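J.: First to last, the protein sequences are chains A and B. Residue numbering for the first sequence follows the working numbering, beginning at 437 and increasing consecutively. Residue numbering for the second sequence follows the working numbering, beginning at 437 and increasing consecutively.
The hints are simulated quantities; they were obtained by calculation from the structure and are not laboratory data. Computed from a predicted model, the values in this text were never measured in an experiment. Be careful, since some hints might not be right.
Note that identical chains are pooled: a pair holds if it fits in a single copy or bridges any two copies.
Stated by the list, open to error - Quick list of in silico lysine to any residue cross-link-like pairs, SDA-like style, CA-CA up to 20 Å: (1) 604 to 989; (2) 450 to 563; (3) 823 to 695; (4) 823 to 905; (5) 450 to 612; (6) 604 to 453; (7) 450 to 617; (8) 823 to 621; (9) 450 to 523; (10) 443 to 823; (11) 443 to 989.
Protein chains: 2
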Amino acid sequence: MSSWFEKHAATLDKALDACARRYSWTAYPESPSSRVHGTELPARGRREFEALLGERFGIGLLPGHDGWVGGEVSPFSREALGIRYPRLDVDTAFAAARRAWPAWRDAPVRERVGICLEMLARAGDPLALFVNAHATMHTAGQSYIMAFAGCGANALDRGLEALAYAWKAMRDVPESADWERGFGGPENARLEKHYRILPRGPAVVITCATFPQWNGYPAVMANLATGNPVILKPHPNAILPVALFVRSARELLVEAGFDPNLLTMVADDRDHQVTQQLLLHPDTAIIDFTGSARFGSWIEDNCRRAQVYTETAGCNSVLLESTDDLAATVQAIAHSLCQASAQMCTSVQNIYIPAAGIRSGQETVSFDAVCAALRDAVDAHLCDPAKAAVLCGALVNDGVAQTIEAMREQGARRGHIVRDSAPYAHPDFPAARTATPLMLAVDLAAADLYGEERFGPVSFLIRAPSREAALADATARVRERGAITSHVYSTDTQFLRHAVDAYQVAGASVACNLVDMPINFAAAYSDFHVTGLTPAGNACLTDLAFVTSRFRIVQAKWRSDAR
Amino acid sequence: MSSWFEKHAATLDKALDACARRYSWTAYPESPSSRVHGTELPARGRREFEALLGERFGIGLLPGHDGWVGGEVSPFSREALGIRYPRLDVDTAFAAARRAWPAWRDAPVRERVGICLEMLARAGDPLALFVNAHATMHTAGQSYIMAFAGCGANALDRGLEALAYAWKAMRDVPESADWERGFGGPENARLEKHYRILPRGPAVVITCATFPQWNGYPAVMANLATGNPVILKPHPNAILPVALFVRSARELLVEAGFDPNLLTMVADDRDHQVTQQLLLHPDTAIIDFTGSARFGSWIEDNCRRAQVYTETAGCNSVLLESTDDLAATVQAIAHSLCQASAQMCTSVQNIYIPAAGIRSGQETVSFDAVCAALRDAVDAHLCDPAKAAVLCGALVNDGVAQTIEAMREQGARRGHIVRDSAPYAHPDFPAARTATPLMLAVDLAAADLYGEERFGPVSFLIRAPSREAALADATARVRERGAITSHVYSTDTQFLRHAVDAYQVAGASVACNLVDMPINFAAAYSDFHVTGLTPAGNACLTDLAFVTSRFRIVQAKWRSDAR
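Chain A with its partners taken away, still in its complex shape (with noise of 0.2 Å):
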């Protein structure tokens, strides 16, 4: 047995205790910067995304191979990766995950456990991270510095943190047990009890095209731990990340002495899409995904024999009451707007301002100056062409840029149009497909628009006639299509902890007066991040919830005062 489990004991150990106290930890590193990597491990990261360029992309063989797809575009250089990657059958492949599966089933949990551990310590590798980051760049159309970071520790760190709690999960069923008790007859009953953690199945796991390893990562380690075999099924946007990890996952499952096809990546395309056939397989017995709220209520409908875990979407909202530090408070609600083009879980869409302005300090402070100033931050943030192309990054597809096109058409005729959003030009990438904010005054008349996700950059002021206007309004959304984030910013501490209340009743959680940080920003091992109580999702990364269910105990016992 591999010494895996003993060369990461410590850091599982760290991530348990930092699940239990919830304090801020990276097991990875977070900064792509030269200080610390030097010149020469970034420039060969490069070049080794750009070898893959063009390319059959080299994963070994894949069971069922037969073909080729593959259709990605850089929403940076808006061109074609030009990467194939195997097409499987999908039978084919669930027959091998099945053969693969007794032997990684019976392992010993360290030694799952283990190999889990150094499949993150190597995805986190930096040159590895290098590679990612450009994947990550010219799939998801992230910036390269949060490709790095956001797709890289961060994810990672919420893999890390899966898996600790699949460990805690699993470690809470004693492997034995020995037990004696009377039955009324001369002699007691003793008896030996044997507990066996059986795994439930082969794992389809769909991770999204802005944030493929995000979710993915926590799934991949959930269900890898826990004894399932996984089968990757990544956007057809944003493969390449996936197929990276994947790579070298399967090698470490061969250096281990495991069928690589424990872990197997099912590629398609726009026009030859297999999620639904991967979906309603018989053999799936648990679903991870990450996508669309609707495709994510249509899972959960249909998918009924399988556990289904779902992250979607949902309206985040950002209730401003009141604030000492208005430039401070409007400047951290621009910053959400700006990040990666607002095409984060986490960020917000929906900003409730009182009719009659709010108070700033000793102020009152219009609706309409409210607006300007969120206005100007949003502007201040893109003033620098560099700062405003590493925080927007680009859009990730076309249909990005059409939802501005109809929100603008539908905002100036149902509000006004507060700022308008335009593309910004590039340092790097002339041709990027780039977007500035749009944002949007409306009344609550208007929830027809903002009452739903508008994935980008697209926000509304919404003109609430009271805050407790606000306040209901807000949380009516929450209930009927989720909520991932969601902010109040108030002074008046009696009407704080009524929103808190509120907000988590309906099943969100809240953050308060969040300035001068980054608000969209989840901690792995802290925030509890989708409290699975909204239509945005069903499943927490991460908490026990989100492991327990993806194995079970079978037991053994016979008597052992017996000959």
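Once you've looked at the hints, dock chain B against the given chain A.
T.: Then chain B, alone, in the frame of chain A:
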């Protein structure tokens, strides 16, 4: 806040320890013996039960009360109990649960768990246990002794076990955390975070006709402890035991300052069943079901938006391959065929015997001789009418008698009758609906007969071409119909290990060579009851997965370094 948590803290700690180390322990009195309780208390229990007969059950005002229902008939006296229970309007019952919910939801976890511990303690009070024993006997058909222990202490222990797991899962979430990290600015951001346990919503708990408390207590405890209101729906044949518990628990809730509608009972009768209305109610967030596999499967397929936990039934089997003590082996198996007239979820139905016979010590015993030994062992259990009555109890309903009729006819045609069933004369209740075991010898071609649950004292002695064929067929039944207990008797270590693995991989737990004890016995704190991997149920009593999804975590965070 009450001191019930403190009062019962040692009991909870002991339960947690027992769950972790899985030894034998009970927190409640198991024996009804007058050596323990004297003679007055048992007599008083009987008088209290008798005083209930023919009356409206005094449970105070239940929400939406619009009439009376109840048609229970004693399987022993065959007389109507004549007890009438409030009939409730379902919508009103849910509305009342929702009104009662917030105060309970927002109560400290310790307070809720303390009240639950007291609820169990009151149900475990000796007088309550005596009343409960009579109530269970004259509804579920259990013998007095079985009703006292199996539906008393044994069931309460399972409730305490679920409560301990709920406490453990909730305790895993800290109340608050300090979090600090830099985001590139001059100073770190420091956040204070608070984590709140949020229950999922109203739970509907469906109890069964034969052991209403055994699954009922764990479900009620797991739900109430995690903050969910509960609507109990007893089987129309076994309302009284549930009603006694609900009355006591509601009194306690009032005493503790809570709305008693946190726990209501919606009784019905066979002609006007409300189960589907409850299950499909839009307010239903959680379902706990014990009952038929068919209905359990319907719930899993149709109650999509609720968290569903089922324990149904399976084809429990014995694989008899070899033994070094045939007398003890057949005695143990025969006990399972007799106990509670094989109306337990752990009763054995299918006994596989190789056609060439089995090795017993140095001898080979033929198939027919094994059948004869099993028949004789059953007869030996029943020769003393008083003991037979204690062991077998009564048939819970006429359907069981009809099953015996049908299987006798089919078994004689398709195989042969090894032992016919007949009523036995109950010493105390001449009218009792009783039946001794029907034992049918068949071969694998009769899989349509034995391949599903035949509820009641019907067993199949299955002539298998070989031990491997026996194992293959038995595990195929597990996959197809589920199993709650499986037994292997073999002195061949290698075969035994192979058989255990095959059963486990099919999703079943296995008992090996159990003799000299009641093999149906499932021990709280020790046996993970139901694996959740077969059609016999999707949930286990009790593991972390049974409790972790009954609540969710919402958080609030703010900068602790701000003004």
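J.: Please go over all the hints and tell whether each is borne out by the structure.
T.: Hint check results:
1. Both within a single protomer and between protomers do residue 604 and residue 989 lie at most 20 Å apart by alpha-carbon distance, with minima of 15 Å and 18 Å respectively.
2. Taking the closest pair of Cα atoms, residue 450 and residue 563 never come within 20 Å of each other, the shortest separation being 24 Å inside a single copy and 51 Å across copies.
3. For the identical chains of this complex, residue 823 and residue 695 are neighbours neither inside a copy (46 Å) nor across copies (57 Å), given an alpha-carbon limit of 20 Å.
4. In this homomeric assembly, residue 823 and residue 905 never come within 20 Å of each other (Cα to Cα): the closest approach is 37 Å inside a single copy and 71 Å across copies.
5. Taking the shortest alpha-carbon separations for residue 450 and residue 612, only the inter-copy value of 19 Å comes in at or below 20 Å, while the best intra-copy value is 27 Å.
6. When the C-alpha separation of residue 604 and residue 453 is checked against a cutoff of 20 Å, the pair qualifies both within a copy, at 11 Å, and between copies, at 17 Å.
7. Taking CA atoms no more than 20 Å apart as the test, residue 450 paired with residue 617 passes between copies only; the shortest distance there is 17 Å, against 40 Å inside one copy.
8. In this homomeric assembly, residue 823 and residue 621 come within 20 Å of each other (Cα to Cα) only across copies, at 15 Å, whereas the closest approach inside a single copy is 81 Å.
9. Taking the closest pair of Cα atoms, residue 450 and residue 523 never come within 20 Å of each other, the shortest separation being 40 Å inside a single copy and 56 Å across copies.
10. Proximity of residue 443 to residue 823 under the C-alpha cut-off of 20 Å is found in neither arrangement, the shortest distances being 40 Å within a copy and 61 Å between copies.
11. Taking the shortest alpha-carbon separations for residue 443 and residue 989, neither the intra-copy value of 28 Å nor the inter-copy value of 33 Å comes in at or below 20 Å.
In the structure shown, a violation is registered for the earlier hints numbered 2, 3, 4, 9, 10 and 11, in ascending order.
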